[in-house]
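S.K.: Each chain, written out:
Protein chains: 2
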Amino acid sequence: MRETWVVGAASNRYGKMTETAREAATRVALEAIRDAGLEPKQIGHTFVANCFGLAEHQAHVGPLINNGLGIPEVPSVTLESACSSSSAALHEAFVHVAGGFADAALVVGAERLGHLDTLAATSYFAIAADYAFETKNGATFPGLYATLASAYRDVYKTTPEMLGSIAIKNHANAARNPHAHFQKEISMETYLASPLIASPLRLYDCCPFSDGAAALVVAAKEAMPRPTNEPLVVRASARAGAVTDMQDRPDLLGLPSTRAAAAAAFRQARMTPKEIDFLEVHDCFTIAEVLALEDLGFFPKGTAAKESADGVTARDGRLPVNPSGGLKAKGHPVSATGAGQVVEVFEQVNGRAPGREVPRSGTALTHNVGATGGSCSVHIFSRR
Amino acid sequence: MRETWVVGAASNRYGKMTETAREAATRVALEAIRDAGLEPKQIGHTFVANCFGLAEHQAHVGPLINNGLGIPEVPSVTLESACSSSSAALHEAFVHVAGGFADAALVVGAERLGHLDTLAATSYFAIAADYAFETKNGATFPGLYATLASAYRDVYKTTPEMLGSIAIKNHANAARNPHAHFQKEISMETYLASPLIASPLRLYDCCPFSDGAAALVVAAKEAMPRPTNEPLVVRASARAGAVTDMQDRPDLLGLPSTRAAAAAAFRQARMTPKEIDFLEVHDCFTIAEVLALEDLGFFPKGTAAKESADGVTARDGRLPVNPSGGLKAKGHPVSATGAGQVVEVFEQVNGRAPGREVPRSGTALTHNVGATGGSCSVHIFSRR
Numbered sequence: 006m007r008e009t010w011v012v013g014a015a016s017n018r019y020g021k022m023t024e025t026a027r028e029a030a031t032r033v034a035l036e037a038i039r040d041a042g043l044e045p046k047q048i049g050h051t052f053v054a055n056c057f058g059l060a061e062h063q064a065h066v067g068p069l070i071n072n073g074l075g076i077p078e079v080p081s082v083t084l085e086s087a088c089s090s091s092s093a094a095l096h097e098a099f100v101h102v103a104g105g106f107a108d109a110a111l112v113v114g115a116e117r118l119g120h121l122d123t124l125a126a127t128s129y130f131a132i133a134a135d136y137a138f139e140t141k142n143g144a145t146f147p148g149l150y151a152t153l154a155s156a157y158r159d160v161y162k163t164t165p166e167m168l169g170s171i172a173i174k175n176h177a178n179a180a181r182n183p184h185a186h187f188q189k190e191i192s193m194e195t196y197l198a199s200p201l202i203a204s205p206l207r208l209y210d211c212c213p214f215s216d217g218a219a220a221l222v223v224a225a226k227e228a229m230p231r232p233t234n235e236p237l238v239v240r241a242s243a244r245a246g247a248v249t250d251m252q253d254r255p256d257l258l259g260l261p262s263t264r265a266a267a268a269a270a271f272r273q274a275r276m277t278p279k280e281i282d283f284l285e286v287h288d289c290f291t292i293a294e295v296l297a298l299e300d301l302g303f304f305p306k307g308t309a310a311k312e313s314a315d316g317v318t319a320r321d322g323r324l325p326v327n328p329s330g331g332l333k334a335k336g337h338p339v340s341a342t343g344a345g346q347v348v349e350v351f352e353q354v355n356g357r358a359p360g361r362e363v364p365r366s367g368t369a370l371t372h373n374v375g376a377t378g379g380s381c382s383v384h385i386f387s388r389r
Numbered sequence: 006m007r008e009t010w011v012v013g014a015a016s017n018r019y020g021k022m023t024e025t026a027r028e029a030a031t032r033v034a035l036e037a038i039r040d041a042g043l044e045p046k047q048i049g050h051t052f053v054a055n056c057f058g059l060a061e062h063q064a065h066v067g068p069l070i071n072n073g074l075g076i077p078e079v080p081s082v083t084l085e086s087a088c089s090s091s092s093a094a095l096h097e098a099f100v101h102v103a104g105g106f107a108d109a110a111l112v113v114g115a116e117r118l119g120h121l122d123t124l125a126a127t128s129y130f131a132i133a134a135d136y137a138f139e140t141k142n143g144a145t146f147p148g149l150y151a152t153l154a155s156a157y158r159d160v161y162k163t164t165p166e167m168l169g170s171i172a173i174k175n176h177a178n179a180a181r182n183p184h185a186h187f188q189k190e191i192s193m194e195t196y197l198a199s200p201l202i203a204s205p206l207r208l209y210d211c212c213p214f215s216d217g218a219a220a221l222v223v224a225a226k227e228a229m230p231r232p233t234n235e236p237l238v239v240r241a242s243a244r245a246g247a248v249t250d251m252q253d254r255p256d257l258l259g260l261p262s263t264r265a266a267a268a269a270a271f272r273q274a275r276m277t278p279k280e281i282d283f284l285e286v287h288d289c290f291t292i293a294e295v296l297a298l299e300d301l302g303f304f305p306k307g308t309a310a311k312e313s314a315d316g317v318t319a320r321d322g323r324l325p326v327n328p329s330g331g332l333k334a335k336g337h338p339v340s341a342t343g344a345g346q347v348v349e350v351f352e353q354v355n356g357r358a359p360g361r362e363v364p365r366s367g368t369a370l371t372h373n374v375g376a377t378g379g380s381c382s383v384h385i386f387s388r389r
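Chains F and B, in that order, are what the protein sequence lines are. Residues in the first sequence are numbered consecutively from 6, following my numbering. Residues in the second sequence are numbered consecutively from 6, following my numbering.
Hints are computed from structural coordinates only; laboratory data are not their basis. Do not rely on the hints blindly, as some may be mistaken.
The list treats identical chains as one, so a pair stands whether inside a single copy or across any two.
Straight-line Cα separation of at most 25 angstroms, SDA-like style, residue types lysine to any residue; simulated pairs [unchecked claim]: (1) Lys141 x Thr23; (2) Lys311 x Glu362; (3) Lys226 x Gly105; (4) Lys141 x Leu59; (5) Lys226 x Met193; (6) Lys46 x Val248; (7) Lys141 x Asp122; (8) Lys279 x Arg39; (9) Lys189 x Asp315; (10) Lys141 x Gly75; (11) Lys162 x Thr195; (12) Lys226 x Phe106; (13) Lys226 x Arg7; (14) Lys21 x Tyr161; (15) Lys226 x Ala103; (16) Lys46 x Asp253; (17) Lys189 x Pro45; (18) Lys141 x Glu28.
Extracted from the complex, chain F is given alone in its bound form:
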């Protein structure tokens, strides 16, 4: 297996796009390729994520992006794994490059739903749940994650302030991230005064619908004798599934797919959680960040919410979590989210995160979940 690097990265500002997803994807893809010091013709394969193309009447986006890049002959494919689609695309790029099938590959995720009304956008999101057993019976993602939050609270006695501390931290980070949807801090007062969406989750526990696009260039070390940036060495690229429906799980105190993907990733990297300097985790709701930190092995079960309230996961804490602002405040443009997490790692490592630098950036982990954990991707990166 060849040593595989992330050598270029780009993102637009998450929020509302006036461009279509294909336009935004093409533009950030070209930025990422140039950032890597490459030409489009050096890309051997394009891996796209764009779950909700139908909202723009457009599937088969890969060839359109490659056309825009001037490389129509290059193969492309679109990958979907719900909210973890672009980390699934990164995994395929990793497999192609590490396995010697391509020297350089493009990963680009883009999503646009902001031109739809909230009900239509919610309907798109809902197709990632199990229609027969969840959606059709009225379950939505806020409701499903609220169920996880209730179960956790009942066992581990979390307070609203503990979940609120996560929202406040992620907003504080996003306020320093030019890519973020919400570039404003919030107070505990604001958090506690925000309306209940699905008890115990309040408005500020929930990530927004965001439009956005993010791109990465993945290349073999041996194909990049003089990288223009400090590359991210891909130490692990692991994915796992899990029982999709919550009613069929043995407990609701974590996401089994996170545990499985984390175990595979740490095994692949031959590392332990103690060796990771900072994290980008899938905080579609604040409770999801709590579960992620425990399932990934960074905190014992039942402790992560309190640790967060104590500032351990703040940007200057012992274990910075979501220095980008996370899905919660940087935003959640579904198909861009996973690639966007890696953009944050790349910017931290390359000194391109002024005002939000983490103290140590020798190693990082990204964690991206599909739906309520039917799928999960974990990547581990280090400096050379």
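Given the coordinates of chain F, work out where chain B should sit on it, guided by the hints.
M.R.: Here is chain B on its own, set in the frame of chain F:
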């Protein structure tokens, strides 16, 4: 790179499904796994194609299928490359197995649109075209392929009877295929009397909207010491893109992505077209079979329609093409189509195509196109 085999295959009957795509996919996947003499737990990765899940309110189908198979922890991803989605899925499975990332992988494609009215189904198909430059301006796939057919006819003087001979041949083959949507022969009289859909294409030049599901198990030779079936050795798995919009192409007398994917595939297999015994090609319209046979290098430009009329591509001809009945008559359940082509090769090689056997089945090629050729996959198989 490890020698990689297709070791099991299954398909339902194309046409109208009463099952949902996820149900059909799960069922045929289990049949394919059992056909390979394996247990679901031996599957290392699941690659799904299901372009139009939204028509059933369902994305993120991979985890649902794996749940149904009793292997929830196994990673899965859905791949989309328009009508070539499940051959793109096969390519990813090949890369994972050949590259040593999985010993055995499941490929399953399923599609269901038959519960929608024709206008709604057409709208789903249309999202594979370029919305900004084609769909929005009224172009549909029958119209776009009719443009190709007109251009070809004007240069090479094809007659209606030449295109008709392809429809008649493929219906004759489908009549002997229990998986086929249309299990009936048609006459030249019927063909010529059928209404024009988009001149010069008549009703019987066009493939139907079909529901359907097809599955393959791909495994490393070294992981299959005693295969239960005669395996297909994957000699080549190649994909390519092309300029998407026809107005931007230098000519309309073929599909550039077919030429590029074929060149890559023959190079990879170290073979020439002369060494291929039979083909399954992408005949979404009869003209597409003509273009495919020329672009793949089996006939000189401008000759394939006449060769077809002369019976060269009949099941007992010199080069049998689409012994399954092709998209034209076996049917075109978009995301099952590419995998279904390989099911036909597998059944031919394993003596499971009674009544429609080809004379020689030592080698075969499958060809699967996305949209009007924005993408294309070519696979070459041989017996051990």
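S.K.: Let me make sure I understand: some of the numbered hints might not hold for this structure. Which ones are they, in numerical order?
M.R.: Per hint list: 5, 8, 14, 17 violated.
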